[in-house]
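Peer 1: Each chain is listed here by its residues.
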Amino acid sequence: DIQMTQSPSTLSASVGDRVTITCRASQSISTWLAWYQQKPGKAPKLLIYQASTLESGVPSRFSGSGSGTEFTLTIGSLQPDDFATYYCQQYVSLWTFGQGTKVEFK
Amino acid sequence: EVRLVESGGGLVQPGGSLRLSCVASGFTFSRHLMHWVRQTPGEGPVWVSRINTDGNITVYAGSVKGRFTISRDNAKNTLYVQMNSLTAEDTGVYYCAREAYGDVRIDNWGQGTLVTVS
Numbered sequence: 012d013i014q015m016t017q018s019p020s021t022l023s024a025s026v027g028d029r030v031t032i033t034c035r036a037s038q039s040i041s042t043w044l045a046w047y048q049q050k051p052g053k054a055p056k057l058l059i060y061q062a063s064t065l066e067s068g069v070p071s072r073f074s075g076s077g078s079g080t081e082f083t084l085t086i087g088s089l090q091p092d093d094f095a096t097y098y099c100q101q102y103v104s105l106w107t108f109g110q111g112t113k114v115e116f117k
Numbered sequence: 288e289v290r291l292v293e294s295g296g297g298l299v300q301p302g303g304s305l306r307l308s309c310v311a312s313g314f315t316f317s318r319h320l321m322h323w324v325r326q327t328p329g330e331g332p333v334w335v336s337r338i339n340t341d342g343n344i345t346v347y348a349g350s351v352k353g354r355f356t357i358s359r360d361n362a363k364n365t366l367y368v369q370m371n372s373l374t375a376e377d378t379g380v381y382y383c384a385r386e387a388y389g390d391v392r393i394d395n396w397g398q399g400t401l402v403t404v405s
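Note that the protein sequences, when read in sequence, are chains A and B.
My numbering puts the first sequence at residues 12 to 117.
My numbering puts the second sequence at residues 288 to 405.
Derived by calculation from the structure, the hints in this document are not laboratory data.
None of these values were measured; they are calculated from a predicted model.
Hints are not guaranteed to be accurate.
[Unchecked claim] Computed, partial: chain B to chain A, Cβ under 8 Å:
id	residue
1	Gly331
2	Trp334
3	Asp394
Glycine included, each C-beta is placed from N, C-alpha and C at the ideal position.
Work out the full structure: start from the sequences and follow the hints.
Peer 2: Dropping the structure here:
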């Protein structure tokens, strides 16, 4: 099974900050990677797929990069609505999620 | 608007059974592969099962293989999962999720239904 590891687990930031979250796969997944945002009590929401393609309707301050085993999600300028937990997910071999990165107020 | 509405969750004793349902609307259900995903508080989601459009090809996570059965009724726009021999490790919020057309990414999720095995 492919394991996904995110870092950091928690990130403290302020509105306007540039935020970067890292996701590592236990083996190469090419660009078969998605990023989701989840708020308390809500379902995950797809932000990015194929490592760097923005889902329709998602603000352009979100971006993704990487291939193989190393990936990043960047929020260009953190907005109040962005405080949430973010998950990466590989979908090259079944579907595996990372453990999550919580973005909280500094 | 894509809508996925799960139901059927609840409290069940270890060894018991439960059947979850998910009613889909706002898209052509029969054209999309569908998934069940479980999540426990404070943890990342865990993929459980997937079914193809015709309902004749299914895939399961190792932890549920032989105990869970995913199925669908395209005439009723409904996805199911029959869960048997439940254990405490099966506890969590179960989400019905849609696979994007022509791709394998999961692009839409329901609001989830809570299953507690205790």
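Peer 1: Determine for every hint whether it applies to the structure shown.
Peer 2: Here is what the structure says about each hint:
Evaluation of the glycine 331 of chain B hint against chain A yields a held restraint, the C-beta minimum of about 4 Å falling below 8 Å. Taking 8 Å as the C-beta contact cut-off toward chain A, the hint placing tryptophan 334 of chain B at the interface holds, the least distance being around 4 Å. The closest approach between the C-beta of aspartate 394 of chain B and any C-beta of chain A is roughly 5 Å, which is under the 8 Å cut-off, so the hint is satisfied.
Checked against the numbered hints given earlier, the structure satisfies every one of them.
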